[in-house]
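For reference, the chains in residue letters:
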Amino acid sequence: MTTIDKTAHVPAPRESVSGDGPLLDVRDLHVEFHTRDGVAKAVNGVNYTVSAGETLAVLGESGSGKSVTAQTIMGILDMPPGKITQGEILFRGQDMLKMSNEERRKIRGSKIAMIFQDALSSLNPVLTVGYQLGEMFRVHQGLSRKDAKAKSIELMDQVKIPAAAARISDYPHQFSGGMRQRIMIAMALALEPDLIIADEPTTALDVTVQAQVMDLLAELQREYNMGLILITHDLGVVADVADKIAVMYAGRIVETAPVGELYSRPAHPYTRGLLDSIPRLDQKGQELYAIKGLPPNLTRIPAGCAFSPRCPKAQDICRTDVPPLAPVTEQDGLELVGRGSACHFWKETIHG
Amino acid sequence: MAELKKEQEPVDATPNVSGVESVDAATEAEAVAAIDAPVSQGEPILQVRNLVKHFPLTQGILFKKQIGAVKAVDGISFDLYAGETLGIVGESGCGKSTVAKLLMTLERATAGEVFYKGQDITKLTGRALKAVRRNIQMVFQDPYTSLNPRMTVGDIIGEPFDIHPEVAPKGDRRRRVQELLDVVGLNPEYINRYPHQFSGGQRQRIGIARGLALNPEIIICDEPVSALDVSVQAQVINLMEKLQDEFNLSYVFIAHDLSIVRHISDRVGVMYLGKMAEIGTDTQIYDHPTHPYTQALLSAVPVPDPSAREGRERIILTGDVPSPANPPSGCRFRTRCWKAEDRCATEEPLLAIPERFVSASTPAAHESACHFAEEKDVVHAA
Chain A
1 MTTIDKTAHV
11 PAPRESVSGD
21 GPLLDVRDLH
31 VEFHTRDGVA
41 KAVNGVNYTV
51 SAGETLAVLG
61 ESGSGKSVTA
71 QTIMGILDMP
81 PGKITQGEIL
91 FRGQDMLKMS
101 NEERRKIRGS
111 KIAMIFQDAL
121 SSLNPVLTVG
131 YQLGEMFRVH
141 QGLSRKDAKA
151 KSIELMDQVK
161 IPAAAARISD
171 YPHQFSGGMR
181 QRIMIAMALA
191 LEPDLIIADE
201 PTTALDVTVQ
211 AQVMDLLAEL
221 QREYNMGLIL
231 ITHDLGVVAD
241 VADKIAVMYA
251 GRIVETAPVG
261 ELYSRPAHPY
271 TRGLLDSIPR
281 LDQKGQELYA
291 IKGLPPNLTR
301 IPAGCAFSPR
311 CPKAQDICRT
321 DVPPLAPVTE
331 QDGLELVGRG
341 SACHFWKETI
351 HG
Chain B
1 MAELKKEQEP
11 VDATPNVSGV
21 ESVDAATEAE
31 AVAAIDAPVS
41 QGEPILQVRN
51 LVKHFPLTQG
61 ILFKKQIGAV
71 KAVDGISFDL
81 YAGETLGIVG
91 ESGCGKSTVA
101 KLLMTLERAT
111 AGEVFYKGQD
121 ITKLTGRALK
131 AVRRNIQMVF
141 QDPYTSLNPR
151 MTVGDIIGEP
161 FDIHPEVAPK
171 GDRRRRVQEL
181 LDVVGLNPEY
191 INRYPHQFSG
201 GQRQRIGIAR
211 GLALNPEIII
221 CDEPVSALDV
231 SVQAQVINLM
241 EKLQDEFNLS
251 YVFIAHDLSI
261 VRHISDRVGV
271 MYLGKMAEIG
281 TDTQIYDHPT
291 HPYTQALLSA
301 VPVPDPSARE
311 GRERIILTGD
321 VPSPANPPSG
331 CRFRTRCWKA
341 EDRCATEEPL
351 LAIPERFVSA
361 STPAAHESAC
371 HFAEEKDVVH
381 AA
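For the protein sequence lines, the chains are A and B, in the order given. Under full-length UniProt numbering, the first residue of the first sequence is numbered 1, with each subsequent residue one higher. Under full-length UniProt numbering, the first residue of the second sequence is numbered 1, with each subsequent residue one higher.
These aren't lab readings, by the way, just hints derived from the structure by calculation. Warning: the hint list may mix true and false statements.
[Said to hold, decoys possible] Some chain A residues judged to face chain B by a derived CB distance under 7 Å, without partners named:
1. G236
2. G260
3. P279
[To be verified] Chain A residues, not near chain B, derived (Cβ > 10 Å throughout):
4. R92
5. E154
6. P309
Ideal Cβ placement from N, Cα and C applies to all residues, glycine included.
Next up, chain A with everything else stripped away, as it sits in the complex (with noise of 0.2 Å):
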C-alpha cells in the first residue's frame, strides 16, 4: 500500500525538446487595478520564459503579483478592474494579448490549462464530477456524453482516484481534499495541454497528501512533457519540484535562478530574508531571522527598490534608481546561466 522510496520520484533533468524557442515567453508585463484608493500597479514589468517539459517555479508573498500574472496568462483576468497596460506574452510565437475572444477560448484549456489553489470552491457543487470532467471533451472536442463518460473515467484512473467508474458520479463534496484536487489536475490534464499553471495546488492540503499531489503533478508532467508554472510561497515546495525559480516582490521579479543555485546563494537580499526566515526541519535553531516590516502597498510603491524600507543593506541609491534585473556573474566575471537579481548590490550579496 505504501511505498517508500530513495529519491525515485525525483524528477530526472529534463530536456528541452522543442528547438524553436521557448512555450511561452512573458515580456514586460504590466497590470493594474483601478480601485477607489488609488491605481493599484499589481504587476510592473514581468518577464519570463518557459519551455516544454520545464518547470518555472514563481516564489512570492500575498500581493506580490504572481496570481496575477497567472490569470492573466490565462485570460481570466477580471477587466474591468484589471487593465493590462503594457507588454507582450507569447504563446508559441504568438501574442496572446492581440488574439480575439474566439481564438483564446480555443487555446484555454486545451493548449494552456490551470490547477487553482481551493479544489472545493473551484469545482461547481451541484454537478457530478463526472458532468464536469466530461464538459471539457464535449465542449473543445464534441464528444458524445458516452465517449465523454468513458474519458473521464480514464481520467481519474490516471489521477489514481480508487475506484474511478464507481465514483464517477459523486458529487465534489463526497471526496476529500487530496481527492478533489486531483480531480482539478484531471480536468487540467483532460485535454493534454502543452502548458500547465498550478496556483498553489498543494497550499491547503495536509503535508501526507501534499506529497502525494506533487509526485503525481511532477510523473504526469514527464509523461506528457509539458511546461509547468508553479506558483506558491513555499520555499521547501519549489525546492523539490522546479528547475527554475522566479522570485516576486511588489509586482517586479527580483531574482531568477536555476533551483540549487537559489538555495545555496541568493543574490538579492529579499530571497535571502525568506530563506532565513524560515525554521528547518532537520535542526533546532535560535531565534528566527525575520525581515522586518510589511510588504508595501501596491498603491503606494516606495520609489527606487520597493524592497529598500525593509532592506538592511539600503543605500541613498536605493530609494531613488529602480534596479534592473541584472544578470548575475562569478566573482572573475563568469557568466551564471539563468541568473538574474534586480539589486544594486547584488554582487556583495551573493559574493560576501
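Since chain A is already given, all that's left is putting chain B on it; use the hints.
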C-alpha cells in the same frame, strides 16, 4: 524525567472529584484559591488524562436517535509543564483543534479529566470555572475572522476586562490596553483603529494582545501563524517566544507545519485520528521517531534545500485519513501503515515506551503507540 513525575501524580488528591452539582460555597472558594496559587517552573500545570470527545451523529428530526459518534478525540493523555511549549501536530481531522477547545472548556468532554493545578476543569462550574478560564487563554488561527470588524482595537483587547473586572479597574483599562499594544510591538496610538486597517501579521498581534490581557498562565495557540506570509510568520514566532520568557507562559502550540513546531516547541505530540501516536522532546520526535506515522509525516515535509532532497528517504502514504466516525479496529494507523500485521487489527497499541527501548538510555526511549516501534531517521539526509 517525564516518567518520574507521572508516577507521583496526585490524581486522588483532587478535592472535588465527585459530585460537582453539590459543590458548596466553601469548596468553590477552595478551588478558586487553588487555581490562583502559583506553579513553579518545571511542574506540570496541566495534566490531561484519557480525554474523550465524541460528537453524536443523530437521525430523525422529531425523535432524534443517536446512530453513531464522530470520535474526534478518543482517549488522549499528556502533561504540560509550567513555562514549556508543547507542540501538537497532525493532519486535518485528527482532533487537534478539538483538544484545544476541550482545554479551553469551550467544549464539554465526553469522558476523561483535565487537571489544572489539581482541579479537574471538565467538572468545574461557576466561579471556579471562571477563574480557570482567566488563566487559560487562546490565540486563534485566522486573524481575519477572529476579530470583530465593528469593534476598535481598544475594545477588542479590553473586552476580557468586562468579564474579569478584577484584573483591571475601569479607569485603568485604556492604559492597560495601550501597554499591551506596546508589548506586542504595535503603536499604542492605534487604539482607536479598526481591524481592517491592519495587515494579517498586525492582526495576529492584536489577537495575541487579547490573549495576554488577563495575565494568563497558559495560552493555547491553534495554528497561530498558518495564515501569515513567510516573512511575517518569523516576526510573530519571535514575538511569541519573547513573550513566553517575559511572562513565563506555557504554550500549547497546535499546528500542521512541522518545521515551525520544531522551532518553538520543547516537547511535541503527534496525533492521528483522535489518538496520540507519539510524544517526546523535540529531538526525540524529530531526530529519533519510532512511530511509522511520525516517520511518514516528517519525511513528507518538503525541505527548502535541493541538495538535501537527494539523500532523504521519502515515505509516501497512500490514501486518506479514515473517517473518525468509523475508525479502524486495533491500531488506527494500520490501514495506511507499511508495517501492519494481523496483530495491529486486533490489539490496540498503547502509548508507552516501546519494550525494546525501555532499559536503554537512547533518545528512542519515548512514548510511542506502535507494536513495531523502530527508530528511523527521516529528517536528515543519509
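*Hints breached by this structure*: none
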